[in-house]
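Those protein sequences? They're chains P and Z, same order as listed.
680 is the number that this note's numbering gives the last residue of the first sequence; the numbers go up by one with no jumps.
290 is the number that this note's numbering gives the last residue of the second sequence; the numbers go up by one with no jumps.
One or more hints might be untrue.
Stated by the list, open to error - Here are the simulated PhoX-like cross-link-like pairs (lysine-lysine), alpha carbons at most 20 Å apart as the crow flies:
| no. | chain 1 | residue 1 | chain 2 | residue 2 |
| --- | --- | --- | --- | --- |
| 1 | P | K672 | Z | K110 |
| 2 | Z | K69 | P | K668 |
| 3 | Z | K269 | P | K650 |
| 4 | Z | K24 | Z | K3 |
| 5 | Z | K101 | P | K668 |
Unchecked claim - Per the computed footprint, the stretches of chain Z lying under chain P, defined by three or more beta-carbons under 8 Å from a beta-carbon of chain P, are:
| no. | stretch |
| --- | --- |
| 6 | 39-45 |
| 7 | 105-113 |
| 8 | 147-157 |
| 9 | 185-193 |
| 10 | 233-243 |
| 11 | 266-277 |
Claimed, not checked - From the derived model, a few chain Z residues whose C-beta atoms are all more than 12 Å from chain P:
| no. | residue |
| --- | --- |
| 12 | Y17 |
| 13 | G31 |
| 14 | G128 |
| 15 | M136 |
No lab work stands behind these hints: they were computed from the structure.
All values reported here derive from a predicted model rather than from experimental measurement.
We put the CB at the ideal spot given by N, CA and C, even for glycine.
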Amino acid sequence: MSIVFSKENLQLARDLQSLTDENVMFCYQCKKCTLGCPSAYAMRMRPHELMRAIQLGLTEEIYWSGTIWICLSCETCNTRCPQDINILRVIDGLRELAISKKFEYYNPHPAIPALHRIFMAFVERFGKVYELGLALLINLRMLTPFKDIDMASPMLMKGKLKLFPHFSHGTKELRKVMAKIRELEGAR
Amino acid sequence: MKYAYFPGCSLSSSGYDYHLSLKFVAQALGIDLIEVRDWVCCGASSAHATSHLLSVALPVLNLSHVEKDGFEKLIAPCLACLSRFKAANVELEHDVDLKKRMHEIFDYKYQVKVKVYHPLEVFFEIGLEKIRERMRKKLTGLRVACYYGCVLTRPPKIARFDNVEDPQSMDSIVRTLGAQPIEWSFKTECCGVSMTLTRSDIVLKLSNDILREAREVGANVIAVTCPLCQANLDGRQRQIEEAYNVRYGIPIIYITQLMGLAFGAFPKEVGIQKLITSPRDILGSIGLM
Chain P
493 MSIVFSKENL QLARDLQSLT DENVMFCYQC KKCTLGCPSA YAMRMRPHEL
543 MRAIQLGLTE EIYWSGTIWI CLSCETCNTR CPQDINILRV IDGLRELAIS
593 KKFEYYNPHP AIPALHRIFM AFVERFGKVY ELGLALLINL RMLTPFKDID
643 MASPMLMKGK LKLFPHFSHG TKELRKVMAK IRELEGAR
Chain Z
2 MKYAYFPGCS LSSSGYDYHL SLKFVAQALG IDLIEVRDWV CCGASSAHAT
52 SHLLSVALPV LNLSHVEKDG FEKLIAPCLA CLSRFKAANV ELEHDVDLKK
102 RMHEIFDYKY QVKVKVYHPL EVFFEIGLEK IRERMRKKLT GLRVACYYGC
152 VLTRPPKIAR FDNVEDPQSM DSIVRTLGAQ PIEWSFKTEC CGVSMTLTRS
202 DIVLKLSNDI LREAREVGAN VIAVTCPLCQ ANLDGRQRQI EEAYNVRYGI
252 PIIYITQLMG LAFGAFPKEV GIQKLITSPR DILGSIGLM
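Whenever a hint applies, use it, and build me the whole structure from the sequences.
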């Protein structure tokens with residue numbers, strides 16, 4: 493594959509910098525991020541390759557690889573990066589861009605952003621996460637309704653999973669905050 | 002000593018045993034835990050994957066309640082909550098622009114005066130001497146692999162606690178309790194929890210690595226500090242054994258439960274019966290159950 497360096501190719505790195513304050517151009521491919529990454533084995537594009545791809549502006553390849561959704565947010569890469577790039581923040585930036593309307597690329601792992609959406613919907617509804625409901629809804633979304641039933645049943649028996657959601661009295665304030673953030677982000 | 006206490010979503014359901022044992026240990030050490038008024042979810046790993054502003058705003062919402070009520074110290078026992086709170090504090094300290102935006106969103110202007118602690122940090126501040134004073138039983142015979150979890154010490158700029166790659170705080174507490182902490186290299190490896198519902202295969206692999214290593218170094222118990230690690234390593238242990246055709250049976254016990262037992266609590270008082278992989282044999286063999 494030949495890549496032509498042009499202004500358009502630098503656009504992705506620039507967009508990310510304005511969103512996250514992180515400059516990916518500092519990356520010199522030492523691979524410490526990939527070597528420490530616990531989920532690199534499951535990624536089609538590994539963290540150091542991702543950094544290079546951002547430098548080169550390979551937006552489509554980045555999103556097609558699904559790497560940003562396989563990241564576990566364990567912060568090992570940030571800790572070890574000799575150039576002090578906050579790689580997780582960069583990945584979060586890519587996730588934010590993917591959710592905003594600007595990007596509509598194929599996502600090989602649609603269930604993961606769906607989980608985040610369901611999670612935040614529960615938070616907005618109850619103020620807290622409703623673990624059982626979250627598991628049920630994501631299982632339905634993935635078309636595997638009985639997944640992990642062998643894990644859930646002993647937890648239910650021991651009272652470790654609550655059947656019904658808790659409701660926080662701070663929810664009203666929380667909803668106001670979330671509405672305000674949506675407004676602010678819509679304006680940006 | 003008064004601390005605001007943020008249990009988080011996990012400790013009110015899947016991590017209820019952590020909540021019980023933490024309360025017991027806190028009482029024994031003279032720590033007053035007062036639950037944060039009207040607390041809401043911190044957003045965990047989902048908020049920062051959808052909106053950066055939201056991932057700061059949710060912790061700030063809780064922190065401003067703490068500050069308004071006149072507390073200066075907050076205990077967050079769940080690592081997901083802990084890291085979100087600490088990150089929000091550090092970001093607000095350094096980013097004036099972000100602070101301005103937060104003040105736009107909230108009526109109350111949060112002044113970043115609340116310090117956030119993990120229970121381990123508090124125990125350490127109180128000192129091993131005081132822990133030794135409170136002990137009623139020695140946990141001799143337990144070989145404990147201390148599993149700190151991914152974000153307790155990471156990233157160092159935010160966590161500001163213990164050694165990043167080879168933390169020692171839990172090991173020294175375990176040693177004080179009379180048990181034998183075991184040196185191993187998986188102290189801060191990730192168990193994969195944010196993928197637990199969507200990509201369970203990754204979680205099974207990572208958790209299997211941790212359990213296998215613990216068995217290889219000869220541990221008979223893994224001590225944890227986070228309800229999410231516990232749910233993965235304990236709740237999924239049966240699945241891991243099936244998937245990798247091995248047999249572990251290693252109980253995953255909260256450090257606060259171990260401390261509670263050493264302080265003379267009945268196993269039920271610190272929620273031992275709620276563990277899925279039963280520690281009955283191991284605790285029985287040293288006369289604790």
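Checked hints:
| no. | hint | in the structure |
| --- | --- | --- |
| 1 | P:K672 to Z:K110 | 16 Å, holds |
| 2 | Z:K69 to P:K668 | 19 Å, holds |
| 3 | Z:K269 to P:K650 | 13 Å, holds |
| 4 | Z:K24 to Z:K3 | 13 Å, holds |
| 5 | Z:K101 to P:K668 | 18 Å, holds |
| 6 | 39-45 | holds (count 6) |
| 7 | 105-113 | holds (count 3) |
| 8 | 147-157 | holds (count 5) |
| 9 | 185-193 | holds (count 3) |
| 10 | 233-243 | holds (count 4) |
| 11 | 266-277 | holds (count 3) |
| 12 | Y17 | 7 Å, violated |
| 13 | G31 | 29 Å, holds |
| 14 | G128 | 28 Å, holds |
| 15 | M136 | 28 Å, holds |
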